[in-house]
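J.: Protein chains in written order, with this note's numbering: chain X, 1 to 205; chain E, 206 to 410; chain C, 411 to 615; chain G, 616 to 820.
Hints may be right or wrong, so weigh each one.
[To be verified] Stretches of chain G that chain E covers, calculated by requiring three or more beta carbons in the stretch to come under 8 Å of a beta carbon on chain E:
id : segment
1  : 628-640
2  : 705-712
3  : 723-733
[What the hints assert, rightly or not] Restraint ranges, calculated between C-beta atoms of paired labels, are given here:
id : chain 1 : residue 1 : chain 2 : residue 2 : range
4  : C       : Pro555    : G       : Asp693    : 43 to 49 Å
5  : E       : Arg357    : X       : Leu40     : 42 to 48 Å
6  : X       : Gly137    : C       : Ala451    : 46 to 52 Å
7  : C       : Gly547    : X       : Ser131    : 38 to 44 Å
8  : X       : Gly137    : C       : Gly446    : 32 to 38 Å
9  : C       : Glu439    : G       : Pro643    : 17 to 23 Å
10 : C       : Glu563    : E       : Arg209    : 34 to 40 Å
11 : G       : Val662    : X       : Lys174    : 47 to 53 Å
12 : E       : Ala246    : C       : Glu439    : 42 to 48 Å
13 : C       : Arg489    : G       : Leu638    : 28 to 34 Å
14 : C       : Thr554    : G       : Pro643    : 36 to 42 Å
15 : C       : Ser566    : X       : Asp78     : 43 to 49 Å
In short, the hints are calculated from the structure, not lab data. Glycine residues also receive a C-beta, built at the ideal position from the N, C-alpha and C atoms.
There are 4 protein chains.
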Amino acid sequence: MESRRVEALADGVFAVAMTLLVLGVHVPELPEPVTGAALLAALRTLVPSLAGYAVGFLLLGTLWLGHHNQFRFIRRADRTLLWINLFFLLAVASVPFTTALIARYPLQPVAMAIFGGTLLVAGVFLFAHWSHAVNAGLVDDEVTPEAAELVRERMSMAMVACLVATIIGAFLPKAGLVLFGCMPVLSMLPGRVDPALAGEASTTD
Amino acid sequence: MESRRVEALADGVFAVAMTLLVLGVHVPELPEPVTGAALLAALRTLVPSLAGYAVGFLLLGTLWLGHHNQFRFIRRADRTLLWINLFFLLAVASVPFTTALIARYPLQPVAMAIFGGTLLVAGVFLFAHWSHAVNAGLVDDEVTPEAAELVRERMSMAMVACLVATIIGAFLPKAGLVLFGCMPVLSMLPGRVDPALAGEASTTD
Amino acid sequence: MESRRVEALADGVFAVAMTLLVLGVHVPELPEPVTGAALLAALRTLVPSLAGYAVGFLLLGTLWLGHHNQFRFIRRADRTLLWINLFFLLAVASVPFTTALIARYPLQPVAMAIFGGTLLVAGVFLFAHWSHAVNAGLVDDEVTPEAAELVRERMSMAMVACLVATIIGAFLPKAGLVLFGCMPVLSMLPGRVDPALAGEASTTD
Amino acid sequence: MESRRVEALADGVFAVAMTLLVLGVHVPELPEPVTGAALLAALRTLVPSLAGYAVGFLLLGTLWLGHHNQFRFIRRADRTLLWINLFFLLAVASVPFTTALIARYPLQPVAMAIFGGTLLVAGVFLFAHWSHAVNAGLVDDEVTPEAAELVRERMSMAMVACLVATIIGAFLPKAGLVLFGCMPVLSMLPGRVDPALAGEASTTD
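Just chain X, with the same shape it has in the complex:
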C-alpha cells in the first residue's frame, strides 16, 4: 500500500516525541544522607513536570488518533500530501519543547500561547491533510461526501476548542492549563462520526 511508509514515519515521530517528553522530568539530586521526607519533598516539586508529561502525552495521543483515523481511509499519497504530513510532524515533534516550556513557566501567558499555538498549527495541518486527501481523490471510494464532511466538522470543533483554550490561556494561564488537560477527555467520548465511519470501515473489511 502506497501510504504505508507515511504512516511508519508518522508513528515513529509520535513514538519518539511521546517518549522524549519524559526526559523533561528530572530525577532530583539530593545531598547525602538522603531522608525519605527530603526525597518526598523533592518529588513534590516534580508535579508540574509530571503533569506536563501526562498532558503532553495525551494531547499527542489525541493527534495520533486523528492521524490514524484519517489513514484508515487514505489509500494513496501524492507529493502535496507527503509535505502536509511533514509539516504536521514538524509541529508534533516540537511538543517535547513546548511541554518543557510550559512545565517550567506554567503561569506565563507567552508560554501558554506557544504551547497552544503549536497544537493549533498541528491541528490546522491535520485538517489540511484530510481536505487535500478528499479533494485529490486519495481516499477510499467508500468514503461518502457526508462522512468526509462529518470528519471536517469534528476537526473544526477541535481546532476552535484549541484556539479558545489558547486565547483564554494567554490571559488566564491556569484556566488554559485546565482546558488543555480536559481536551484529551473530550476526544475519548464517542462522536457522531464513529458510526458513520464504522459503517464505511465495515463495508470495506
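Take the given structure of chain X and dock chains E, C and G to it, following the hints.
T.: For chains E, C and G alone, coordinates are given in the frame of chain X:
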C-alpha cells in the same frame, strides 16, 4: 489490518523507552592522567545504574511480550481500545524516569513505591486492554472463552506479584529490588497459557 | 517483501533524527521572579535554534521523500544495497549534530561547510543507492530506463544545488543559510519526474 | 506473519540506538568572539567522538544485517526466541553507552574490554537466536541443513574475530580500535553464504 498502526505506535514507544534507559548510565568523568585502576573504580560505582538499565529493559520486555501476545488475537480496534492502549503506553514511557529514580535512590521506600506502582498501573491497563478486547468482540473468533480466561488469570497473577513486590519494597527496598529483578525470569517460563494459545494460533495460520 | 525491513530501519532512523533535533532547543532558565518581558526576550534568543530545528527537519524530510520514492520501485535488496543504505543513514543520523553546530555558530564558514557537506554526502549515497538498484536489477520491471534516468537527473540537480549552497555558505554563511532554507521548498514543487513515475505506479497498482 | 512485531521492535531499538550515538558528539562551547581557527581547533578534538559514532553505527549496522538476514527465513516465534531476542536487544541498546565510554577513554584496556565484550555478548545471543530457530523448526522449510550450518559458521567466525579483537584491545587498545573499525568492512564482502541463501530466497519468492 485495523490494529496494525496501534502495534506500530506501541512498538515504537517500547523501542524508544528501552533504548532511552541507557541514557541513565553516564560515562564517568575522570581528571587526567587517567589510570586503569581509577577508571575501574569509577565504573564500579555505575553498577546500580547498569543493574537498573538491565532490570528496566527486561521488565519493559515482559510488558511488550504481554502486549504482543494480545495482538496475536486482537483483530480490530475501537476508540476505547485505542485510549486504553495510550494510557498503557503513558505508563510504559515513564519507565526511563522511574528506573533512573530507583537507580539513584535504591534504598528509599518512596522510590520503590513509585517504580513498582508505575509497573502495576501498566499491568492494570494491559489487563483492561484484554478484557475490553474480549468483551467488545475485537478478538479473533477462534479465541475460546476458556483461553481468554487463562490469559486473564495469568495477567492477574502477574499484577498480584507486582503489587506484593511493591508493598514489600516500600518497607524492605532491597527485597523489593530482588523481587522485581526476578519478575522477567518468571515470564520466561512456559505457562499453561502457551499450549492453549498455540492451539488457537495454529488453527488460524 | 524483501525490502520491507530496510524501509522500517530507515523510517526509524529518520523519525528519531527528526525528533532529536528538538533537543537542540533548550528551555531558557530565568531567575525568579520571572516577568513576561524577560521570558519573551529569552525566547527571542532561541530563534536561531528554532530556525535550525525547522530547516533541519525539512531537509531530513526532503531526504526521506527521496528514499521513500526510490522504495516505491525497489523490490529486492542485496548486500551492497543494504550497506549503501547504512552509509546513507549514517549521514542522516548525524544531522542533529550538524544542525546544533550551525545553530550555535551560524556565521562560521567551517560550520556551514560541515552542515552542507553532510547533506551532500547523504545525497551522494542516495544517488548511489538508486544507481545500484537500477543496475543490479532490484527495481520493479515496470521502471523504464527513461524514468530511471529522470530520477537520476533530478537527484543530480539536487546534489549540484547542495554543493553550490555549501561552497557559497563557506564564504558567505548568511547566503548559505538562506539557500539551505529554500531547498525543501524546491522539493515541494512537482517535477517532470512525477507524471512519469505516477504512470509507472498506476500500472503496478 | 507471526514474527512481524519482533522485527518491528528490533528495528526500532536499532534505529534509536544508532541515532542516540550522535548525542555522544557534543557541539563545542567557545567564548565570544569566536574565530574560525578556534572553532576548527575545537572541532579537531571531536575526532575521537566522531570516529566512535561512525564505528558504533557501522557495528550496529553489521548486527542489524545479521538479524535481518535471519528473519528472511524465520517464519514463527516462540517464547524462547522472543526472550533470546530481548537479551540480544539489551546488548544492542547498550552500545551508545559503550561507544561513549571508548570515545572518552580510547586508550584504556578496561574500556576496550567492555566495548568488545558487549559486542561479543550481542553476537552470542544472535548465534543462539539462529540455533534455536533452526532447532525448534521456526525457519522456512526451504532452509537446508547445509545453509543453516553455513550461517552458523559465518557467525562463529565473526564471534571469534570479535573475541580476538577484544583480547588484543585489552592489551593494545590502539590495535583493538583498528580491528573493530575494520569489522564492518569484512561484513561488506560477499560471503559463501550469500549464493546459498539467495538460492533459498529466490525459490520462496
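J.: Run through the hints listed earlier and report the numbers of any the structure violates, in increasing order.
T.: Hints 5, 8, 12, 14, 15 contradicted; others consistent.
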